[in-house]
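Taking the hints into account, I'd like the entire structure generated from these sequences.
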Amino acid sequence: CVLQIRLAMTNVRDRYPSVVRDVAARLQAIDRLESAGDLYESMNQYREAVQCYVAVESWDRAKAAASAAGTSDLLVWVEEEHKRALVKRQDGESLLKQGELTTALDLYARSGEWDKCLALAEQSAPQLLPHYVLQNAKVLVKQGEMVQAAQQLVRHTRSLISLVNAPPTSQQAPAQNIFPLVKLITEQLLSAQEALPSTQILKELLVRVLGGASGSSSLSLAQVQALQSPAASEFQKHLMLAHLMTTYALCKQRANNGLREVCAKQAVAMLRYCTELPADKAFYDAGVECKNVGWISMAFTLFNRYLDIAEAIEDPDNSTIDNTDFEDSDIPTPYDLNLPERQSQSASTKDEVKDLVLSWSVDANIESGLQKRQCNSCQGDMYFASLRGPCGAQYEMCCVTGFPVSPADRVQCSTCQSPANRSDWNAYVLTFHQCPWCSAPQNPAY
Numbered sequence: 184c185v186l187q188i189r190l191a192m193t194n195v196r197d198r199y200p201s202v203v204r205d206v207a208a209r210l211q212a213i214d215r216l217e218s219a220g221d222l223y224e225s226m227n228q229y230r231e232a233v234q235c236y237v238a239v240e241s242w243d244r245a246k247a248a249a250s251a252a253g254t255s256d257l258l259v260w261v262e263e264e265h266k267r268a269l270v271k272r273q274d275g276e277s278l279l280k281q282g283e284l285t286t287a288l289d290l291y292a293r294s295g296e297w298d299k300c301l302a303l304a305e306q307s308a309p310q311l312l313p314h315y316v317l318q319n320a321k322v323l324v325k326q327g328e329m330v331q332a333a334q335q336l337v338r339h340t341r342s343l344i345s346l347v348n349a350p351p352t353s354q355q356a357p358a359q360n361i362f363p364l365v366k367l368i369t370e371q372l373l374s375a376q377e378a379l380p381s382t383q384i385l386k387e388l389l390v391r392v393l394g395g396a397s398g399s400s401s402l403s404l405a406q407v408q409a410l411q412s413p414a415a416s417e418f419q420k421h422l423m424l425a426h427l428m429t430t431y432a433l434c435k436q437r438a439n440n441g442l443r444e445v446c447a448k449q450a451v452a453m454l455r456y457c458t459e460l461p462a463d464k465a466f467y468d469a470g471v472e473c474k475n476v477g478w479i480s481m482a483f484t485l486f487n488r489y490l491d492i493a494e495a496i497e498d499p500d501n502s503t504i505d506n507t508d509f510e511d512s513d514i515p516t517p518y519d520l521n522l523p524e525r526q527s528q529s530a531s532t533k534d535e536v537k538d539l540v541l542s543w544s545v546d547a548n549i550e551s552g553l554q555k556r557q558c559n560s561c562q563g564d565m566y567f568a569s570l571r572g573p574c575g576a577q578y579e580m581c582c583v584t585g586f587p588v589s590p591a592d593r594v595q596c597s598t599c600q601s602p603a604n605r606s607d608w609n610a611y612v613l614t615f616h617q618c619p620w621c622s623a624p625q626n627p628a629y
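For the sequence shown, the numbering used here begins at 184 and goes up steadily by one.
These aren't lab readings, by the way, just hints derived from the structure by calculation. One or more of the hints may lead you astray.
Claimed, not checked - The calculated lysine to aspartate or glutamate pairs, modelled on EDC-like cross-linking and capped at a C-alpha distance of 16 Å, are:
{"no.": "1", "residue 1": "Lys464", "residue 2": "Asp491"}
{"no.": "2", "residue 1": "Lys266", "residue 2": "Glu276"}
{"no.": "3", "residue 1": "Lys464", "residue 2": "Asp500"}
{"no.": "4", "residue 1": "Lys474", "residue 2": "Asp538"}
{"no.": "5", "residue 1": "Lys325", "residue 2": "Glu305"}
{"no.": "6", "residue 1": "Lys321", "residue 2": "Asp289"}
Bear in mind that the values here come from a model prediction, so they are computed numbers and not experimental data.
In structure tokens:
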């Protein structure tokens with residue numbers, strides 16, 4: 184080939200270009216592409232030269248030849264081919280050196296290198312971080328890793344808040360699907376019948392999301408109850424329930440430290456949100472806790488409801504649930520409950536409860552019914568765990584138990600001002616030495 188070129192150059196100069204083209208084509212045919220590119224370039228056939236250099240990934244020479252051609256479309260094509268080759272090789276570092284930040288981020292995301300992806304976005308493209316945080320969370324949700332998804336969203340709170348507050352016309356607006364995602368994570372974690380640490384992480388996530396929606400980085404219990412935004416209506420009850428589940432799980436671990444009554448109140452208060460829980464388990468747990476502290480009429484009523492729900496799960500077409508005892512409470516009616524597919528308790532446990540309820544039903548000293556208290560506003564009787572009196576008076580929720588706060592017995596956290604009933608606050612703080620809502624160090628209130 185070289186000899187042909189030399190002969191043409193020496194003896195038949197008018198045929199030199201055609202000989203070079205012919206030789207270049209032959210070199211190209213036998214995959215000696217870089218040599219072919221040299222010849223094409225020597226004849227100012229830059230497009231052919233570029234194609235040869237690209238084929239052997241000689242990118243610097245390809246870009247130089249494309250620049251020499253003086254046509255921007257050729258250089259753009261080379262850069263696209265270079266990028267495509269780096270993506271195919273999963274060479275994120277080289278993509279970054281080429282200034283292809285977004286392509287590198289997409290590459291890391293597709294290959295599951297989320298730590299690298301999020302760290303790079305946080306450092307070099309913070310405006311893109313919310314997008315990748317949400318994509319990572321969605322992947323974790325699909326894998327059933329709800330706790331990890333919640334942790335990832337909590338870890339990147341600032342980017343989430345930027346999404347929550349983005350105006351509808353913003354480029355970030357499509358990422359407002361944060362709310363359906365958080366709702367899905369919430370429902371899965373609440374229905375999983377698990378407590379710590381999942382409910383603690385969920386509580387932190389919901390506080391931060393609701394805080395972002397209200398323009399605040401954190402919220403007290405009173406602020407959460409006062410929220411009126413669409414986000415609040417979605418997540419307020421979930422947050423209250425996650426908080427109660429967390430404090431209940433903590434108190435259960437230390438029930439012998441004077442917290443048995445606190446546990447009973449928490450279990451009863453959670454019935455307010457039983458549409459979000461496996462209903463049979465919620466009523467069974469509350470019945471057990473009431474029995475433990477001697478609230479036998481309450482336990483009798485709650486165990487009866489548990490048995491009714493268990494039978495409805497077993498035979499949904501032939502079961503009816505009497506709601507008479509619950510009419511004046513804030514506990515959802517049987518028609519509002521989503522019955523689980525399977526019973527939470529074993530057959531032997533169910534039989535034990537049946538026997539206990541039967542023995543109480545023939546005891547003249549035990550009456551079925553919810554416990555009552557007097558409304559501070561109208562003095563009328565009201566269900567003792569309700570946050571609303573018969574006259575419509577609204578009560579603050581105790582941050583320890585979820586019960587209504589009695590004005591005469593009210594204390595509050597010195598940090599977040601979340602209210603509580605004095606006796607419940609002291610029982611909790613003497614054991615844990617911190618506020619159940621914000622975890623700030625606290626002392627008993629005497």
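Cross-check of the supplied hints:
{"no.": "1", "hint": "Lys464 <-> Asp491", "in the structure": "holds, 12 Å"}
{"no.": "2", "hint": "Lys266 <-> Glu276", "in the structure": "holds, 12 Å"}
{"no.": "3", "hint": "Lys464 <-> Asp500", "in the structure": "violated, 21 Å"}
{"no.": "4", "hint": "Lys474 <-> Asp538", "in the structure": "holds, 14 Å"}
{"no.": "5", "hint": "Lys325 <-> Glu305", "in the structure": "violated, 24 Å"}
{"no.": "6", "hint": "Lys321 <-> Asp289", "in the structure": "holds, 15 Å"}
Of the numbered hints listed earlier, those contradicted by the structure are 3, 5.
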